[in-house]
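Q: These are the residues of each chain, in order.
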Amino acid sequence: MLSSDLLLAVALGYVIILFTVAFVGDRRARRGGSRWLRSPLVYTLSISVYCTSWTFYGAVGSAARSGLEFVTIYLGPTLVFVGWWWCLRKLVRIGRVHRITSIADLISSRYGKSPSLAVVVTLIAIAATTPYIALQLQSVTLSFAAITGATEEYRSAFWVAAGMAAFTILFGTRSIDANERHHGVVAAIAVEAVVKLVALLAIGVFAVWGLGGGVTAIFAEMPGDMIEVEKIFGPRWVTLTFLSAVAVLCLPRQFQVTVVENADERHLVTASWMFPLYLFLMSLFVIPIAIAGMAFLPPGSNPDLFVLNLPLAHGQDALALLAFIGGFSSATSMVIVAAIALSTMVSNHMVAPFAIKILMKGNAASGDVRELLLASRRVSIGIILGLGYVYYELSGGTGALAATGLIAFVGVAQILPSMLGGIFWRGATRAGALAGLCGGGTLWLYTLFLPSLGPDGLLPTMWLIDGPFGIALLRPQALLGLAGADPIVHATVWSLGVNAVLFIGVSAMSRIEPLDRLQGALFIDVFRSPEGESHRFIRREAASEDLYVLAQRILGAGPARALFKELAQAQGVVRGLPNPTDALIARLERELSGSIGAASAHAMVTRAAGGEVISLTDLMDIADETQRLIETSARLADKTRELERTAAELRKVNERLRRLDRQKDDFLSQVSHELRTPMTSIRSFAEILRSDASLAPGEMRRFTSIIHDEALRLTRLLDEILDISRLEAGHAAIPLRPVVLADALSGSIDTVSALAREAGVTITADPPPRELWVSADSDRLRQVLINLLSNAIRYNTAAEPRIELRWRADGARVEVDVADNGGGVSRAEAEDIFAKFWRGSRAVEGQGAGLGLPISRAIMRRMGGDLSVVFEDDGTSFFRISLANSDRHPQRRTAAAE
Amino acid sequence: MTRSVLLAEDEPHIVEALAFLLGRAGFAVTVVSDGEAAVTKAMTETPDVLVLDVMLPGITGFEVLRRLRAEAVTARLPVVMLTAKGQREDRETARRWGADMFIAKPFSNAELVEAVTRLAGSTAR
Amino acid sequence: MTGRRRPFQREGRPADPGLGVRKARDAALALPLIGMILTMPPVAQIFAIDAEIGGVPVVLGYVFGVWLLLVIGARATGKRILDTETLPEPRAQAGKDAGSDAEA
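Chains as they are written, first to last, in the numbering used here: chain H, 1 to 898; chain V, 899 to 1023; chain F, 1024 to 1127.
Watch out, some of these pointers could steer you wrong.
Quick list of simulated restraints, FRET-style, between CB atoms [as the list claims (entries may be wrong)]: (1) H/Ala-693 to V/Met-941: 18 to 26 Å; (2) H/Leu-755 to V/Pro-955: 34 to 42 Å; (3) H/Val-573 to F/Ile-1060: 57 to 65 Å; (4) H/Asp-638 to V/Pro-955: 55 to 63 Å; (5) F/Ile-1060 to H/Val-379: 43 to 51 Å.
List of simulated lysine-lysine pairs, DSSO-like, C-alpha gap at most 30 Å [unchecked claim]: (6) H/Lys-664 to H/Lys-652; (7) F/Lys-1046 to H/Lys-90; (8) H/Lys-565 to H/Lys-357; (9) H/Lys-90 to F/Lys-1102; (10) H/Lys-639 to H/Lys-652; (11) F/Lys-1102 to F/Lys-1046; (12) F/Lys-1102 to H/Lys-639.
Only some residues are given here: those of chain V computed to face chain H with a beta carbon under 8 Å [stated by the list, open to error]: (13) Glu-909; (14) Met-941; (15) Asn-1007.
It should be emphasised that the hints constitute simulated quantities derived from the structure, not laboratory data.
By construction, the Cβ of each residue, glycine as well, lies at the ideal position given by its N, Cα and C atoms.
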């Protein structure tokens, strides 16, 4: 045991050190030599005000009671900071651009600078922070009592509260401007952050290696049921992680250090990993310390005091002292920052509106508002700490540290829907935010806050057990009969659920006020819109003198003079006051809102400047300018895609044209070749005949007949070429008429019969009925049939050549097969034979230019039919033409066709 | 000594004309009508001149030429190429593959006989 | 690799605002989601087994391991964003600077 005198002396000494640090920090900052104060390390350490005595003492207690669950409280913030790009980045930017002074200011500013919203958020924040402050007082008194062996005394709690209030008032209310950050306080907080981390690590090292005998040994001491693996990742795990993630965004003190005190957005990048690392280190030894406490301290010891009692019980007084200082640091830093944040909210949103009224009534002296506000901040700091003390007394200080902290978390979580909706959702309205906050806040009070005061608190005990007036459905901890759930999970689900539903529902149903819409656009598009361009939408008129007086009253004479001088210089005005342009009025309002919050600043400027005119059309036009920009760029992207598509199509068309061009070249080159061959013979024999007079008469006859044959071949070739060009170009329209198939077949056979007889080919045909009509051109059909038949005759090399003509009518189609026993074509050749100028392996020299089949196929296709090679299973093949079956009444058909 | 000409051409009437012309000019003419046969005959009979059509059934005249130039026996065999296409690319290809002469169809009888005679003389030397 | 890091550009965008920026942003957006998936059921449930590695319960090792990986990942992406993004300069201390002007 240590004497209470010694402990008091140490605590006092530590406080003196903190005062010195704060004092020096403030002075250095004022002189401008504050580089290390503006470093990302100090920023990160100040954020660690998140780790209060709840962490320092309570985490171990929580680990001893519920195992790994304590991790959730640090996992949530880790995820938020690691994911700073999602949300924190935007909050910090908005805070900077709009001179946000607190989270209440953020919400109020976003929703049309609404004073009532600011008050609601402030009230929720105070209600949520009060148990939290009580928690700190409790931990300090507990630790004091534990270390001195005295009984827990409310008196000591009172003095602790008083001391903290003194410190906060001294260093936290030197100025009212949000831009002039609390360097002294931040410096002290940073020192405290280091102290509490070092202290907890020291205890951890002592527990593991001093008492436990190493990592393996300490975990061997772990009670079997400490980490209940099956139950860890349940609804409580998810809820607590979520709550802690929300808390690190919404807790007034976290908003204060993360957003308001942020001097440089790049610091956030550092904090995004360094703060999670800090949390990681703070949590690292929690489980081992809890194990050591359970193993080496007498049964029944308060787990919340393991951190302190472990060194104490083993005679490590110095270590115990360090632990005490660490816990003290955790408590004080939280209380100081929370008090600053809350007092700013109270003075800006609850006192300032009255101050404005007073100011407008009388002819108060310059700077009196400023003085009034500073005074109100000092008073409210006292009140806030007093409230914490009262709560501590009321609740009896019996609750476990962790449970009390969670009540605060659920409370501030009510701000989340309005906050996220405010920075991401254009449709969010003031009415929606108000409804959500009130509904959620009320439910939180009813289901969690009031029951936490215990059976003898503000709620009658009977209400807790049987529900109000005996209505069981309204039992605070089992609303609508939802019994059996964990109280925290129950309250979270109900309050946040109702909050979100009201927020979204009312927002969707209510009208968006112009200022609401403007602020929404400026907040949501904060990364796109230039700073402070609200003056483009708000038209106001004021006398420069009035504005100057107003600035003096709020900022004080010196700063106001400096500001107006700067504004005048910017306008190019050499002497006197600047011109009261819309831009100037907006700038002034922004400067003022950094001191007294957006709502109050707006109210004051509006009074001085008379009624404002928000040009709705301008607002619609320009507030959504960024939206339009997005749409424009989307349209541009669409255009680009369209262009790309067009280009791709053009490329495809071009490719096809090129292919056609190549085909045409090939065709011409083939035509040239085909024409040159007969011409070669003609020329050669003509030259022989001309130059050689001594030819034998037989030779002369032979050569002239060759010339004649080749000339005929040339003519035929030219005819075919013309024919296929016309067919392929689609110029040669083939009029379709009903044709008697039997006539077409017999006529074709007659034509080739002489050729067939000569070649010894037998043609057998199965004559179709005369009633079978096909839709075709009679001459063209015969041309195709003759071509097929003559090919079959010419290329048939069988010993007993035979050709067979078959037909089949199948509904709308009629098919005619031309088969021969000459071996057919191979599968490989099946398509080649329809290519122009193609000569098969069975080609006989000197016959045809290879255009017969392509022409036939083109004819058939233009008559709505087809020509193809069909393969039998045994590999033989035959040609098949197909045609449309025609009506049996040619007249009607013709009439219809015409 | 009678000079020999190998004639690789698949158009019967052109073969007839060439055989008549070259026979009258005092050459012993052997005729083949496809590419494979042209290669075989050129290597076995080693004619004094080869008259080679480009468009032959089976392998083309260019391929025939390539194969002949790859063999020692026929590497220096004088070759007159005939083509009905007469395009510049054919001329270029023929030169690249090592043809000695390139004559487009329809050809002048005198020009062709003169070319064959000249090439046949060059081998005699 | 601090030597590779470019100093902050005061105006304009970095020379390469394309792929690098987008990748860094994507990483910054993905990291918390990955962390969430790994630390929440059902994924975390996989490691909720009654076993030990080197005397330390597996769950404990898993949770703290993921935590440390998130820290490392955040550091890496933060570095890349600082290399590729242009964040605004620290806000000017308007009131105070103006004040000293006035006194001068």
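Q: Determine for every hint whether it applies to the structure shown.
A: Evaluation of the provided hints:
1. H/Ala-693 to V/Met-941: 18 to 26 Å: Once the Cβ atoms are compared, 40 Å apart, the range 18 to 26 Å for V/Met-941 and H/Ala-693 is violated.
2. H/Leu-755 to V/Pro-955: 34 to 42 Å: Violated, since H/Leu-755 and V/Pro-955 (Cβ atoms, about 24 Å apart) do not stay within the stated range.
3. H/Val-573 to F/Ile-1060: 57 to 65 Å: Holds, since H/Val-573 and F/Ile-1060 (Cβ atoms, about 59 Å apart) stay within the stated range.
4. H/Asp-638 to V/Pro-955: 55 to 63 Å: The hinted range 55 to 63 Å holds for H/Asp-638 and V/Pro-955, with Cβ atoms some 58 Å apart.
5. F/Ile-1060 to H/Val-379: 43 to 51 Å: Holds: the Cβ-Cβ distance is about 48 Å, inside 43 to 51 Å.
6. H/Lys-664 to H/Lys-652: 18 Å, holds
7. F/Lys-1046 to H/Lys-90: 19 Å, holds
8. H/Lys-565 to H/Lys-357: 28 Å, holds
9. H/Lys-90 to F/Lys-1102: 19 Å, holds
10. H/Lys-639 to H/Lys-652: 19 Å, holds
11. F/Lys-1102 to F/Lys-1046: 12 Å, holds
12. F/Lys-1102 to H/Lys-639: 36 Å, violated
13. Glu-909: 6 Å, holds
14. Met-941: 24 Å, violated
15. Asn-1007: With a minimum Cβ separation of about 5 Å from chain H (threshold 8 Å), the hint on V/Asn-1007 holds.
The earlier numbered hints that this structure contradicts are 1, 2, 12 and 14.
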